[in-house]
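Participant: All chains, please: the whole structure from these sequences, using the hints.
Residue numbers (the working numbering), protein chains in the order written: chain G, 21 to 701; chain A, -18 to 226.
Wrong hints could be hidden among the right ones.
[As the list claims (entries may be wrong)] With a Cα cut of at most 30 Å, we get these calculated DSBU-like pairs of lysine-lysine:
1) A:Lys90 to G:Lys25
2) A:Lys90 to G:Lys475
3) G:Lys644 to G:Lys514
4) G:Lys25 to G:Lys514
5) G:Lys450 to A:Lys115
6) G:Lys514 to G:Lys475
7) G:Lys542 to G:Lys644
8) A:Lys115 to A:Lys136
9) A:Lys115 to A:Lys(-16)
10) A:Lys204 to G:Lys475
11) A:Lys90 to G:Lys397
12) A:Lys(-16) to A:Lys136
13) G:Lys450 to A:Lys221
14) A:Lys204 to G:Lys450
[As the list claims (entries may be wrong)] Computed spacing ranges between beta-carbons, pair by pair:
15) A:Asp21 to G:Asp64: 44 to 50 Å
16) G:Glu180 to A:Arg205: 32 to 38 Å
17) A:Ser147 to G:Glu548: 56 to 62 Å
For the record, the hints were derived by calculation from the structure and aren't laboratory data. In this text, all values refer to a predicted model and were calculated from it rather than measured experimentally. Just so you know, even glycine gets a beta-carbon here, dropped at the ideal spot from N, CA and C.
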Amino acid sequence: MKASKEFHRRARQAIADPHLQAALDRNATRRRSARITALASLPDPEAARRRAAAIRQHTIENLPRYLGEFAAKVEANGINVHHAANAREAVAITLELARQQGAQLIAKSKSMVTEEIGLNAALEAAGMRVVETDLGEYIVQLRGEHPTHIITPAVHLRREEVAQTFHEQLDVPYSTDVGTMTQTARSKLREVFLSAPIGISGVNFGVVESGTLCLVTNEGNGRLVTTLPQTHIAIMGVERLLPTLEDLALMLQLLPRSATGQQLTSYIKLINAPRQESDPDGPRQRHLILVDNGRLAMAQSPLAEALRCIRCGACLNACPVYQEVGGRTYGSAYQGPIGALVSPGLYGSQAYGHLSKASTLCGACTDACPVEIDFPKLLLRARGDYIREVRQPPHFTQGLKAYSWLMNSPARYRWGQRLAALAGGLLPRKNGWLRWLPPPLNSWTHSRHFPAFAKRPFRQRWGEGIAVTPAQQIQTQAPAAPQAEPQAAPLEKKGPVEQFSQALCELGGEVVLCSQDELATKVIQRLEQLEARQLLTWVAQSPLLQTVNARLREDGYKLLTPELDWESEERQPQIDALAEAHVGLTGAGAAIAESGTLVLPAGSGRSQLASLLPPIHLAILSTKDIYLTLEAWLREAGNHTLDESATVDLISGPSRTADIEMTLTVGVHGPGDVIVFCVED
Amino acid sequence: MNKTVQLFVTCLIDSLFPEVGEAVVEVLNRAGVTVEFPADQTCCGQPAFNAGYQDEARRMARHTIEVFEGIEGTVLIPSGSCAAMVKHGYLELFTDDPIWLPRAQALAKRCREFSQYLVDELSITQMGASYSGKLAYHPSCHLLRGLGVEEQPLKLLDAVEGAQTSQLEAECCGFGGLFAIDHHEVSAEMLARKIEAIEETEAEVVVSCDVSCLMHIEGGLRKRGSRVRCAHLAQILAGKEAGLR
Chain G
21 MKASKEFHRR ARQAIADPHL QAALDRNATR RRSARITALA SLPDPEAARR
71 RAAAIRQHTI ENLPRYLGEF AAKVEANGIN VHHAANAREA VAITLELARQ
121 QGAQLIAKSK SMVTEEIGLN AALEAAGMRV VETDLGEYIV QLRGEHPTHI
171 ITPAVHLRRE EVAQTFHEQL DVPYSTDVGT MTQTARSKLR EVFLSAPIGI
221 SGVNFGVVES GTLCLVTNEG NGRLVTTLPQ THIAIMGVER LLPTLEDLAL
271 MLQLLPRSAT GQQLTSYIKL INAPRQESDP DGPRQRHLIL VDNGRLAMAQ
321 SPLAEALRCI RCGACLNACP VYQEVGGRTY GSAYQGPIGA LVSPGLYGSQ
371 AYGHLSKAST LCGACTDACP VEIDFPKLLL RARGDYIREV RQPPHFTQGL
421 KAYSWLMNSP ARYRWGQRLA ALAGGLLPRK NGWLRWLPPP LNSWTHSRHF
471 PAFAKRPFRQ RWGEGIAVTP AQQIQTQAPA APQAEPQAAP LEKKGPVEQF
521 SQALCELGGE VVLCSQDELA TKVIQRLEQL EARQLLTWVA QSPLLQTVNA
571 RLREDGYKLL TPELDWESEE RQPQIDALAE AHVGLTGAGA AIAESGTLVL
621 PAGSGRSQLA SLLPPIHLAI LSTKDIYLTL EAWLREAGNH TLDESATVDL
671 ISGPSRTADI EMTLTVGVHG PGDVIVFCVE D
Chain A
-18 MNKTVQLFVT CLIDSLFPEV GEAVVEVLNR AGVTVEFPAD QTCCGQPAFN
32 AGYQDEARRM ARHTIEVFEG IEGTVLIPSG SCAAMVKHGY LELFTDDPIW
82 LPRAQALAKR CREFSQYLVD ELSITQMGAS YSGKLAYHPS CHLLRGLGVE
132 EQPLKLLDAV EGAQTSQLEA ECCGFGGLFA IDHHEVSAEM LARKIEAIEE
182 TEAEVVVSCD VSCLMHIEGG LRKRGSRVRC AHLAQILAGK EAGLR
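Facilitator: Pasting the structure below:
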């Protein structure tokens, strides 16, 4: 009951805060329409949701088996797997790993499960400095707050508040310009990325068949955290599994569309192994901590269906209650409709059962859910548990019991109707509506009148006979003739190159089409425009890149091919040198036409930093390597590529964020410009 | 046409808005349907189910099943919310009960919401009603999402002569049963948002297929001193004066 009172108190605060209300309205309006538009770009969104729901349901129903297979595969891939039964164990494992490394500084990318287990507080208590690197999380951490939305941690803050926080905490001049604030965060956090020996990230999906960890991000901090430090610790809830890479392709169609309305996020990272012998960068050690913390038990409970969740946050954006009360009111790492299921599901009714009552069961969440979680059904189950396990206010229980007693006998029911009509006669009324009800029902009449009970209820009128005015014309519609399928307008058939080019341009990237002969000249022209003389580049393997690199050297450009070694004393100067390059030049293993995505597999001579550290990324792509869809790439080349490479980066346009007042800004931690030289065969 | 329906009028209409029940009977009679009213009916149990009191809800559900299973014909429910309760809620309540589950399933199959029955079963959209003025249709959550009834009420309203009908966004009015009392501050905010949307349409009457939402909305409108009134779809189709009562 105390927790419930706290919810009410915070809800009142939220309602009384006009700035918060404006922020929540903005979030709801933009995200709802973005989701709908993005989903409509799928050929059959409803079928996709049904398939996704079935895959996740199947996974949850067979969770122990899949978890075993997944852990074995990940281990076989060379990643150290740790099992944590609860939050305490997960924290202890992380602490032990950090101590082994003698780490004082830890760079962290956004992860819900680490919020859940209270990781930051524990690491800080042990004397370590943990820095959140997602812009929204960073802001919230600087303010000593917690995220109030699964996807947009600082959704509750105004730009003025962020500006004040940056001014006070980071010693920069007060500026409310979102671009300036984003650059402040970029430069402050760059120092952290470059010096932290440990990076901690979450995991969006674990793929059982390949042992792949998939991270879905936009800013680029997730890539930095999993690339630069010598040790990467990934922490995931045990339920976030998918049986196959094909399943992953489907989820990647749904997750970004449902979350932010993007076709794909800027960065999708597929991690299969730690840095290989021949890789120029990447952490030598990767650890995966699989956190149960109540999930396996929940998978056996009536709330199991909620474990389908892929944490897109669409239910929060759709929820009219969240829109009024905001995330803080929920008092849990998980807010909104999904929070009202997962919180009691994992931590029990005593602490969180009351959240199930903070819903009108309107079902807007289910409509928005990419995995078709039946929220109203599950919220009612959670309410049932709550009523059974937690003592309710006596008037509430008494009232319900009395009403139930009346309704179970037609005679008592009729008697109750009469009594209520009589009692209503004693209360202040106007035109058949009561203006005041006694407590506790007065909480209705605070904002509404209540209809007085009818003196002659329907059943009485029925008994006395209901007069029916004679029928006027009633037209029975003939059953509609089956309509011919509307002929789809003949689609302008675009080639893969054109599709790729259009998709990337829509994301703010650029495509330069050229022949093999023109390539080097075009690259140099661009570098001259950019006034860049230093480049991070791949050690050339393809003839295309070889030609370009040779020309660049001839023309006096300084080419750096990163080769990071943590053990070496040279590391710091080396990193400083890398950080000076303004442009990164890479090849591309493949590209995906529909989403404008570059596929960059790690490997010998192929530095991940070249596409990540500099503010401008130039990539050379051969048109023969363009696949139409992500699914096609995963099917035809995915398994092979993942076998060969420790990690694969899927890059769709520039690094971006909308964490401050939902204002889109590019170039947060990754490049703000992505220019692809598309070479015709 | 010789159709007979068993009217499950719902406790709210019976006790608070008998005029809505009369309008339902009138429309059905005009459509050539014979209406019967099993006298022992009380409440479907949704308020208890909704509040988490499953044992109490089960008792009411059993009573309702017993009242209707002896008689043949469609069980007609002029409420999206109560119809969703009988169609889906009962199955959830008796999911582990080998005796009551089949009985609940049998009732669920027979049950139709008012607009659903007219349009889907009888293929009627033109009820010969007229209304001169602006209407705003509120798609109630349990009707729309619980039963998937979306077009039917609009088809019926489109055929009302002289009426200009606009559709409100499918957004909850903030009622939610005991939610309106337990979380009354939040509920009031949601209601205010709904009333704003209603005012934007400049409609004189808000129409819906659920008196529970309408009671909430009209209660709010009256509290504000607004002249806008609410009406169940049946009241418009029967040509009754606007206002729930």
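Participant: Now tell me if each hint is right for this structure.
Facilitator: Each hint, compared with the structure:
1. A:Lys90 to G:Lys25: violated (42 Å)
2. A:Lys90 to G:Lys475: violated (34 Å)
3. G:Lys644 to G:Lys514: Judged against 30 Å, a Cα distance of about 15 Å means the pair holds.
4. G:Lys25 to G:Lys514: Outside the cut-off at roughly 59 Å; violated.
5. G:Lys450 to A:Lys115: holds (25 Å)
6. G:Lys514 to G:Lys475: Not OK: Lys514 (chain G) and Lys475 (chain G) at ~70 Å, beyond 30 Å, violated.
7. G:Lys542 to G:Lys644: Status holds; Cα separation ~20 Å.
8. A:Lys115 to A:Lys136: Measuring from Cα to Cα gives roughly 16 Å; hence the hint holds.
9. A:Lys115 to A:Lys(-16): Measuring from Cα to Cα gives roughly 33 Å; hence the hint is violated.
10. A:Lys204 to G:Lys475: holds (22 Å)
11. A:Lys90 to G:Lys397: holds (19 Å)
12. A:Lys(-16) to A:Lys136: Status holds; Cα separation ~22 Å.
13. G:Lys450 to A:Lys221: With Cα atoms ~21 Å apart, Lys450 (chain G) and Lys221 (chain A) stay inside 30 Å; holds.
14. A:Lys204 to G:Lys450: Satisfied, since the Cα-Cα distance of roughly 10 Å is no more than 30 Å.
15. A:Asp21 to G:Asp64: 44 to 50 Å: Between Asp21 (chain A) and Asp64 (chain G), where Cβ atoms are some 47 Å apart, the hint holds.
16. G:Glu180 to A:Arg205: 32 to 38 Å: holds (33 Å)
17. A:Ser147 to G:Glu548: 56 to 62 Å: Holds: the Cβ-Cβ distance is about 59 Å, inside 56 to 62 Å.
Consistency note: the structure conflicts with the earlier hints numbered 1, 2, 4, 6, 9.
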